[in-house]
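Protein chains: 2
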Amino acid sequence: MSATLHYFNGRGKAEIVRLSMAAAKVEFSQVDITEKHQFEALKTEGKLVFGQLPLVEYEGNNLVQSCSTARYFAAKGDLLGSNEQEKLNIDILFEGTRDFNSAFIPYGFAGFKEVLDNAKQTVIPKYLPVFNSILSKNGSNGHLVGSKLSLADLGLLEVSLTIEELLGEDELKPYPEVQNFLKVMKSNEAIANYLRSDLRKKKNDERYVAEVQRVLN
Amino acid sequence: MSATLHYFNGRGKAEIVRLSMAAAKVEFSQVDITEKHQFEALKTEGKLVFGQLPLVEYEGNNLVQSCSTARYFAAKGDLLGSNEQEKLNIDILFEGTRDFNSAFIPYGFAGFKEVLDNAKQTVIPKYLPVFNSILSKNGSNGHLVGSKLSLADLGLLEVSLTIEELLGEDELKPYPEVQNFLKVMKSNEAIANYLRSDLRKKKNDERYVAEVQRVLN
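Chains A and B, in that order, give the protein sequences. Heads up: the first sequence begins at 1 in full-length UniProt numbering, then just goes up one per residue. Heads up: the second sequence begins at 1 in full-length UniProt numbering, then just goes up one per residue.
Please note: incorrect hints may appear among the correct ones.
The list makes no distinction among identical chains, and a pair is therefore deemed to hold if it is satisfied within one copy or across any two copies.
Stated by the list, open to error - With a straight-line cut-off of 20 Å between C-alpha atoms, the simulated PhoX-like cross-links for lysine-lysine are:
1. Lys87 to Lys36
2. Lys13 to Lys36
3. Lys186 to Lys173
4. Lys47 to Lys183
5. Lys173 to Lys126
6. Lys148 to Lys186
7. Lys47 to Lys87
8. Lys43 to Lys126
9. Lys47 to Lys137
10. Lys126 to Lys36
11. Lys126 to Lys47
12. Lys173 to Lys137
13. Lys126 to Lys87
14. Lys87 to Lys76
15. Lys148 to Lys87
16. Lys47 to Lys203
17. Lys148 to Lys47
Bear in mind the hints are in silico, worked out from the structure with no lab data behind them. What you are looking at is a predicted structure, and each value in this text was computed from that prediction instead of being measured.
Please take these sequences and the hints and turn them into a complete structure.
Given below as structure tokens:
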């Protein structure tokens, strides 16, 4: 059965959900929330437990909270690890990617250059060396844990793609393991298909920021 | 085997980990990190993947990222749900309690009154009616999902206890289901034992805030 994702017409907090559905090979369509009345309607229908997007309608469930939704689809796609130790490591590293990624979520909403300058001073020097080292210790196979794709990989993929696009690929040069990881990820068929599809939204721009603010305020 | 929690001498991000260990009946001791050299030693020993606390040493693992650690112990205590639907609902509601709770984490660090005033205007009117309603729909049995204790309950317990202590029990009066929930939680033997033990830290005060800042800076 296919899923329906309701979110603004951008990446934001829905991107990890999209990546997890794509990697788990769950087909989905998108409803872009571009007008306030659409958002209000979802709330009135009781589909948003905490009044927030993203929402995924799937098999009668109203899935909210992006990390829970990502874990739900990751479980379906067997992306949470094969044993207790892998499960633990994947959960910890995924949470780390969320902290890392959170610095980029306000891109455009708290300035464009400001957000990137802040990221360059804080999260990039903090997290990239750690993930580079973990990738190396895991055997330079392009995965953070074990020898196959996991939710932790999807988390790092999201933020690596963001860095590559917003700051340029040179930003990743000091981290060859992360560069190799990104190459491996991009060669994954399900991920490659998603990234070149219309489902992949564009980076935040002024128009998008204004649209989100109009829906929310 | 018993666990060792390393954290500052307060509740902070470790509290949900303590609650999950207590509820899962995993014995633990605590090392209070009150001096910079203790924190630096843990980093040098490679025990903090992302250079952050809390850390739990348990069965040879260095558990970090508080939500992952809480889930790990919740799994051991069978607190993550009995079937796929329960697991999903518990994960979503737990994430909601984390968003709710995050407004109280800066208590003392971003002012005392300021943090509470902000919570009264934002998260309390947003989340308490939702959890009150979920508790009612679940049969007013003092649990958010199903008929037994879950990680979602522990998440709501943490924030309800905080509200009761910092804002007074009257703050919960408009939410009788939450009041009943809190009563049920406090009558849980494992939780009651923890709350009256020395393991339960005190609320943030100026001394604690200064101590944490000294360790971190």
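For a quick check of understanding: which of the numbered hints are violated here, in increasing order?
1, 4, 13, 16 and 17
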